[in-house]
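My request is simple: use the sequences and hints to build the entire structure.
2 protein chains.
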Amino acid sequence: MKRKFQDIYKQLSERIEAGTYQAGTTLPSEHQLAITYNASRETIRKALKMLSEHGYIQKVQGKGSIVLDMSRINFPFSGVTTFQELSQKLGSRTKTEVIHLKQEFGQLGEEGIVWHVHRVRHIDGERIILDKDIFSAQDVPHLTKEISEKSIYDYIENELGLTISFAHKEIVIEEPSEEDQNYLDLAENHVIVVIRSYTYLEDATLFQYTESRHRSDKFRFVDFARRVKK
Amino acid sequence: MKRKFQDIYKQLSERIEAGTYQAGTTLPSEHQLAITYNASRETIRKALKMLSEHGYIQKVQGKGSIVLDMSRINFPFSGVTTFQELSQKLGSRTKTEVIHLKQEFGQLGEEGIVWHVHRVRHIDGERIILDKDIFSAQDVPHLTKEISEKSIYDYIENELGLTISFAHKEIVIEEPSEEDQNYLDLAENHVIVVIRSYTYLEDATLFQYTESRHRSDKFRFVDFARRVKK
DNA sequence: CAGTGGTCTAGACCACTCG
DNA sequence: GAGTGGTCTAGACCACTGG
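Top line first, the protein sequences correspond to chains A and Y.
First residue of the first sequence: 239, per the working numbering; consecutive thereafter.
First residue of the second sequence: 239, per the working numbering; consecutive thereafter.
Keep in mind that the hints were calculated from the coordinates and are not lab data.
For each residue, glycine too, the CB sits at the ideal point set by N, CA and C.
Certain hints may be false.
What the hints assert, rightly or not - List time: in silico DSS-like cross-link candidates among lysine-lysine, alpha-carbon distance up to 30 Å:
(1) A:Lys-333 x A:Lys-284
(2) Y:Lys-340 x A:Lys-407
(3) A:Lys-370 x Y:Lys-456
(4) Y:Lys-287 x A:Lys-284
(5) A:Lys-407 x Y:Lys-407
(6) A:Lys-301 x Y:Lys-388
(7) Y:Lys-388 x Y:Lys-407
(8) A:Lys-407 x Y:Lys-248
Said to hold, decoys possible - Derived CB-CB ranges, DEER-like:
(9) Y:Asp-392 x A:Glu-255: 35 to 45 Å
(10) Y:Ser-415 x A:Thr-382: 42 to 52 Å
(11) A:Glu-440 x Y:Asn-420: 49 to 59 Å
(12) Y:Asp-362 x A:Arg-434: 22 to 32 Å
(13) Y:Glu-349 x A:Lys-383: 49 to 59 Å
(14) A:Glu-252 x Y:Lys-287: 19 to 29 Å
(15) Y:Glu-397 x A:Gly-344: 48 to 58 Å
(16) A:Lys-383 x Y:Asp-392: 23 to 33 Å
(17) Y:Leu-339 x A:Asn-427: 26 to 36 Å
(18) A:Lys-301 x Y:Glu-397: 23 to 33 Å
(19) A:Asn-420 x Y:Ser-267: 25 to 35 Å
(20) Y:Thr-258 x A:His-338: 38 to 48 Å
(21) A:Thr-264 x Y:Glu-349: 21 to 31 Å
(22) Y:Asp-441 x A:Asp-245: 42 to 52 Å
Encoded structure:
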């Protein structure tokens, strides 16, 4: 598969992160980039659109593509991101403990066999997050303690070859449940940040429901958002 | 300005919301849409890309564009959205009270004259949100109590002709400050959801800093997110 | 196989910015 | 006016889906 514009995106984004293109300056013009990368202008524009969506640049008509200051974004948590990917950015001060792993008959969109997985996430020795997942057994036939401890997403994407595509998420604040109190290190006044999400595969089938329950004092959600045109 | 693909996006999105195109079915093919709208395929594809980004459809190679079920999304709060726009969706059970409005010398990116605006948002008679805004006086020379009560964004976009473009946001949980306790209707155990955001104009200049402090029991954040390709 | 979406091209015209 | 990005086109080739 050809992915010229993805390659161009990758190179430009790396150069911005490396400081080759400085924040506040403009990128070379689309015309110039087209010559440099031996591509048509529309192809360059697809790469620039991605840069814009990911917060690397701001396009201004008549001026050019201004490089933005990415350093403000500590870790991009928007999009669908996993604890495993997050823990890599935090260094290896994290640990996952599987406390429940069972196949049941249940409902996830349609009725069928599903996996129930409960995991406690440790950060710096404290129990911070309780993840309760339901996976469709149709899409994920096998699950082990080892896979659950490592990264289920990694297994799904790299071993099973499935492609995770999009998610609906909801974030609300709740009082700690009895389960939260048992499995998380909570102080007296702690509340729980609950992220409920439905995750879909490339063919738009629902394959996962997650309830990610975070100790509120350790919770942080960072987002880069563009204004929706009316 | 020509905006053919925006018009096509608008019509298709309206038809999906109206149920003319049912969830689970596919849209007409790109080729067919190109004929229908008298447009080239690339133009159709731009419209479909927008639909995809906004959660209306899922594209599957070789199959088509599958219409998704939008009804799950109660109100899209992702992107940069204002209380005023939100209140329109809640009906007119909302009220804004301006408790502070002053011009000062301060810092917003660079040093200069800035506006400080503090507003309490009432929903169904309860004081739920405390918004603390800082605006650059260079971009927003005039601000009145009336404008602040109605919608500053509306004033900025429609009266001043400025275009709000993107924002960095951060969401964290905090204990109520003294100010929170004075201006919000809080129960004993309430914590505060704090949304800090930096908002930028089209030319990438920082023009606003906002701290939006929500009573946690009334807080809900809903998002549609696509998985970021590595 | 036909039909679908994914990518790329070369060129055109327009709107905007800045000197 | 020269240079920039915004939009649109007509056609091409590829990869994937399904019967």
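Do the hints match the structure? See the list:
A threshold of 30 Å between alpha carbons decides the hint, and for Lys-333 (chain A) with Lys-284 (chain A) the separation of about 39 Å lies outside it, so the pair is violated. Restraint check for Lys-340 (chain Y) and Lys-407 (chain A): the C-alpha separation of about 38 Å exceeds 30 Å, so the hint is violated. Simply put, Lys-370 (chain A) and Lys-456 (chain Y) have alpha-carbon atoms about 24 Å apart, close enough for the 30 Å limit, and the pair holds. At most 30 Å may separate the alpha-carbon atoms for a hinted pair to count; Lys-287 (chain Y) and Lys-284 (chain A) meet this at roughly 11 Å.
The straight-line distance between the Cα atoms of Lys-407 (chain A) and Lys-407 (chain Y) is roughly 16 Å, inside the 30 Å bound, and the hint therefore holds. Between the alpha carbons of Lys-301 (chain A) and Lys-388 (chain Y) the distance comes to roughly 34 Å, so the proposed pair goes past 30 Å and is violated. Note on Lys-388 (chain Y) and Lys-407 (chain Y): the hinted pairing holds, with a Cα-Cα distance of about 23 Å set against a maximum of 30 Å. Pair hint Lys-407 (chain A) plus Lys-248 (chain Y) holds up; C-alpha atoms about 24 Å apart against a cutoff of 30 Å.
For the hinted restraint 35 to 45 Å between Asp-392 (chain Y) and Glu-255 (chain A), the CB-CB distance of approximately 37 Å keeps it satisfied. As the Cβ distance of Ser-415 (chain Y) to Thr-382 (chain A) is approximately 47 Å, the hint placing it in 42 to 52 Å holds. In this structure, Glu-440 (chain A) and Asn-420 (chain Y) meet the distance hint of 49 to 59 Å, their C-beta atoms being roughly 51 Å apart. Here the CB-CB span from Asp-362 (chain Y) to Arg-434 (chain A) is close to 24 Å, well matched to the stated 22 to 32 Å.
The given range of 49 to 59 Å is respected by Glu-349 (chain Y) and Lys-383 (chain A), whose C-beta atoms sit roughly 57 Å from each other. Checked against the hint of 19 to 29 Å, the C-beta distance between Glu-252 (chain A) and Lys-287 (chain Y) comes to roughly 24 Å, which is consistent with it. At roughly 54 Å, the beta carbons of Glu-397 (chain Y) and Gly-344 (chain A) sit within the given window of 48 to 58 Å. Distance hint check for Lys-383 (chain A) and Asp-392 (chain Y): the Cβ-Cβ separation is about 55 Å, which falls outside the suggested range of 23 to 33 Å.
Between Leu-339 (chain Y) and Asn-427 (chain A) the C-beta distance comes to about 34 Å, which sits within the given range of 26 to 36 Å. Range check, Lys-301 (chain A) to Glu-397 (chain Y): Cβ separation about 24 Å, and the 23 to 33 Å hint holds. Between Asn-420 (chain A) and Ser-267 (chain Y) the CB atoms are about 53 Å apart, so this pair departs from the stated range of 25 to 35 Å. The supplied range of 38 to 48 Å is met by Thr-258 (chain Y) and His-338 (chain A), whose beta-carbon atoms lie about 44 Å from each other.
For the pair Thr-264 (chain A) and Glu-349 (chain Y), the beta carbons lie near 25 Å from each other, so the given range of 21 to 31 Å is met. Restraint check, Asp-441 (chain Y) to Asp-245 (chain A): a C-beta distance of roughly 29 Å breaks the suggested window 42 to 52 Å.
Hint compliance for this structure: hints 1, 2, 6, 16, 19 and 22 are broken, all remaining hints hold.
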